[in-house]
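Position chain B relative to chain A; hints supplied.
If you read the sequences in order, they're chains A and B.
Going by the numbering used here, the first residue of the first sequence is number 3, and it counts up by one from there.
Going by the numbering used here, the first residue of the second sequence is number 11, and it counts up by one from there.
None of these hints come from the bench; they were simulated from the model.
The model shown is predicted, which means the values in this text are computed figures rather than measured ones.
Errors might be hidden in some of the hints.
Per label pair, the in silico range of CB-to-CB distance [what the hints assert, rightly or not]:
1. S115/A with R75/B: 45 to 53 angstroms
2. S188/B with S115/A: 35 to 43 angstroms
3. A386/A with D65/B: 40 to 48 angstroms
4. D65/B with E391/A: 28 to 36 angstroms
5. S284/B with T274/A: 29 to 37 angstroms
6. A321/A with R105/B: 23 to 31 angstroms
7. R188/A with K68/B: 30 to 38 angstroms
8. G389/A with A180/B: 46 to 54 angstroms
9. R75/B with A321/A: 36 to 44 angstroms
10. E478/A with R75/B: 25 to 33 angstroms
11. R105/B with S115/A: 53 to 61 angstroms
12. S333/A with R189/B: 52 to 60 angstroms
13. V181/B with G397/A: 50 to 58 angstroms
14. E85/A with A294/B: 25 to 33 angstroms
Think of the CB as a built atom: it goes at the ideal place given N, C-alpha and C, for glycine as much as any other residue.
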Amino acid sequence: MDNRPSRHPLVRIRSSRCESSGQRRLPLREIGGALVRIGLLTEGGYPYVSGDARLWCDRLVRGLGQHEFDVYALSRSERQEYEGWVSLPPQVRRVRTAPLWSAEDDGVVLGRSARRRFSERYGALASALCAGPDAQDGVSEGPSDDVADRFGNALYGLAELARDEGGLSGALRSETAVRALERACRAPGALRTAREARVPDLLTVAAHLERVLRPLSLDWYEDVGLGSVDLCHAASGGPAALPGLLARHFSGVPLLVTEYSVRLRSHYLATTDAPPPVRALLAAFHGRLAAEIYGRAEIVTPGNAHARRWQEHCGADRAKLRTVYPGMDASRFAEVGEAPERADPGTLVWVGRVEPAKDLVSLLHAFAEIRKEEPKTRLRIVGAPAGSEGAAYLGHCKALAAQLFPDEADGLHAVGDNPVSFEEIGGPELPSLADAYAAGAVAVLSSVVEGFPISLVEAMFCGRATVSTDVGAVVEVIGGTGLVVPPRNPRALAEACVALLRDPERRERLGAAARARALELFTVEQNIAAFHGIYLEIVARCPVRRVLLDETGEPLPFAVPAEAHVPGRWTGPATRLVARGGPGWAAGPPVRATPRVAAEGAR
Amino acid sequence: MSGLGGLDRPGTSTSPGARDARSNESLVTETDGPDPGEPGSAPATERRARRPAVDPVKTLMHRHRELCERAVDPLEIAAGLEAHGVTDRTAARFRHRDVFSLAEEMYARVPRDGDAPARTTPPSAPRVRADWAVLALLPGTLCAAAVTALRHAEGQARLIIAVVGVLAVAVVLRVALSRGPLRVADRAQRPTAAWTCGLIAYAALGDGLLRAALADGPDALPTGSPDGAWPLAAAGVLALALSCAPAAWCAHLFTARARRRLAASRGLEEYATSVQPLLLGTFALFLASLAALTALSGAALDETAAHPQVLTLGALLLLARLLGAHGFTHAPAAVLGAAATAEAVALASVFAARLPGCGFLATPVEALVTAWGPGAVPTLVCGTGALTLLIHSSRTLTRASAHATPDAPC
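Okay, chain A solo, but in the shape it has when bound (with noise of 0.2 angstroms):
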């Protein structure tokens, strides 16, 4: 498959579902079960190589394949773009991609009339943006839910004026754009910071929005495109939803939203050097935007409690939350979890990319303290610098090392050791991750921030007893299965550390629960389990209805009839598409996927 992006921004793939016989999935991988077709959303991830939680999306899509999926891709950056996809599997139907990142004008002028409408709707969006915490938290529900809906009326206006007039990036960034903005700040009621925008934050601004709300002028939401999926999966909340949101609006298309990280928080975050009254009002549109997803989507996913916590805070409602957390790859770590003996009793292991959220300097005092009561222990520190402040923090400890440890030897003649060592995996030692756990007796985390912890979840996949700090989705993720202590504490700390060291059975215990928990939690294949079970639900629970209309424009009956949902193609495609440079096989004849396959299945 021809995989390098096209400089053109709407790309169809169309691969075959025709195979030759010997690479046919067999259609049914469970009793019963429908075909789904899911439109994938993610802006910067999947298909892109250098895209974020594009592991995860592959994953999914490769272990859903008796689903298909449309994968409709926003990507961030010219580079990334240049930097091509991941290798698709076949349940990949289609891939369409639209860039957020670049200021091409699309030369759609507009008439009169549209132009006023533009300037009514994106005057509602603007002032649903500045509404003021007076408009916002009054005395009932009632404003808030009226500035809700002031900020949705006025965004699917906008989309369905993009669709009539074939796209609205010129206008968004028109002088009618900063004008409504400037008229909404300058409102009575409206936020007291929006109030003193300039000039210049208001340009701000409308650029800013006119790349979010790019999605609205893609031609996405044809009935041959996100129209005809029967439920659309955003991989992220933000942006990369906005087409699902679209989706769901002109044609009833289910929207099931999956946040790992809570993108409204990583704009909180990322947006720190603007001025005021832009950061008031973009926050408020990305506020805005995340309470209108959570509020239309059927079912939205957070991947952690934390996730969880920030959606209910946004306005969604529990009923529709079901936290799946993340997969990771277990077999990785099967040898080293299932020989717990191998572990080197004396030796603790960090394991972690190095950077001063670590807070490794807290280990190494702590250290000094477990080797105040245990002399003979170890610590091994594996993992590599993050960035520029990664390397002056891991130069940092190896110094501090140094200086709290003098190296020492077996005896007078031996050559002398550091009991502390920093190392990478991929030396000679540590060929693999599962080495580095499989070296240690416990496993310790002692960051003072932290998201979702993934090695942890290592650390118990491998079935090591671990002592972390309380820090995320740490106590979360561990459950009873591992010592918890606070964070800056390296006291604490060596308590632990301690009490871990001189009882080996309690080690083992531990060790084994945490591994049965992590087998239970966090594999890959729950993962997909819970997605593949969560897709049939909304399928089940709010299909969408669609009418089929003939010629003539009546509705044509039973135009879409049962079978469009059994797994597997009954009948043979009607016409052969074929990828461009395709392989050679899906040149042959169509092969059917014959019903005895089916039956046998059944059986």
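For chain B alone, kept in the frame of chain A given last:
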């Protein structure tokens, strides 16, 4: 991340509130087996006795002072606090249900005086770069060289010099205008370029042709000399080529000043009124320099300087280019096209009048030429065009959206 510097000193926290807060909790959350005890409790009580924290949230606010002052809503504080490792369990120590309600209290308690400190946004003025500033001089230099060579050459060589000179000036002009403040996106350039060439060609040869045509000529092709039957108006073309440099500099001046005013202005109307005189001033400056250049080249080439035609054409071309550089490509293309067509029609009408029975066709042009001379046609056409564009640009170029930088930070 300013706060992360503090991470290097675990256990030696600078803030008494943090120390106090930390001592409140049991050190190890035991989940399996016996409790390992509370080894830190004795020093903790000692510390608490020494410094009782009256208002723990106030201490927290002091520690995250910058974050609180900067925040535009409570969620921003919540995100910032979480990035510094504050969790719901930490928030519980401040008697809050979660980080969000803690952040709300902090947001509500930040002192906000009515008048915000005046922000000094550094104006992102485009810098003068040597490349375009020098390149803008090249077309004039080349054109002067070509005209001089043309003056001193004879016969066949003249044709060669003329062709080479025109090509060289065209290429250099394209290069010079492809960077700097007069740069126009490539896509929009194509129709405008053809119309521009037509207008310049008319400025060079049109007046002579018109005069010859009215006198039942022309009998020969132009020789490139100013005193033939079909004379070449070299001075005007030279002045136009030389005016590339002042045009680029004026455009730069306009863009830079407009952007600086953008940073300082509070309202769109106010901005528009402040940019209008700037636009007119820049335009007048260019006209003055073009007039000086025309006089200069006329004197150098011993020609009578055709001031009106050159000035109006220069004004038209500058405004068209300035509009194009700020993203308004529609109006310049239309006006340039109309002007070039009008000139061509004027010429054609004179020739068409020679057909039997069509003598009336040349009447308007003849009347114009007898009244004010052959230069009246381009002056009238280009003047109308320039005036149209001037009115148009005084409405569009004064908009703030015309001066938005494409790579605005979000």
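Now for the hints, and whether the structure bears them out:
{"no.": "1", "hint": "S115/A with R75/B: 45 to 53 angstroms", "in the structure": "holds (52 angstroms)"}
{"no.": "2", "hint": "S188/B with S115/A: 35 to 43 angstroms", "in the structure": "holds (38 angstroms)"}
{"no.": "3", "hint": "A386/A with D65/B: 40 to 48 angstroms", "in the structure": "holds (43 angstroms)"}
{"no.": "4", "hint": "D65/B with E391/A: 28 to 36 angstroms", "in the structure": "holds (34 angstroms)"}
{"no.": "5", "hint": "S284/B with T274/A: 29 to 37 angstroms", "in the structure": "holds (31 angstroms)"}
{"no.": "6", "hint": "A321/A with R105/B: 23 to 31 angstroms", "in the structure": "holds (30 angstroms)"}
{"no.": "7", "hint": "R188/A with K68/B: 30 to 38 angstroms", "in the structure": "holds (35 angstroms)"}
{"no.": "8", "hint": "G389/A with A180/B: 46 to 54 angstroms", "in the structure": "holds (50 angstroms)"}
{"no.": "9", "hint": "R75/B with A321/A: 36 to 44 angstroms", "in the structure": "holds (40 angstroms)"}
{"no.": "10", "hint": "E478/A with R75/B: 25 to 33 angstroms", "in the structure": "holds (31 angstroms)"}
{"no.": "11", "hint": "R105/B with S115/A: 53 to 61 angstroms", "in the structure": "holds (57 angstroms)"}
{"no.": "12", "hint": "S333/A with R189/B: 52 to 60 angstroms", "in the structure": "holds (56 angstroms)"}
{"no.": "13", "hint": "V181/B with G397/A: 50 to 58 angstroms", "in the structure": "holds (55 angstroms)"}
{"no.": "14", "hint": "E85/A with A294/B: 25 to 33 angstroms", "in the structure": "violated (51 angstroms)"}
In summary, the structure is inconsistent with hint 14 from the numbered list given earlier, while agreeing with all the others.
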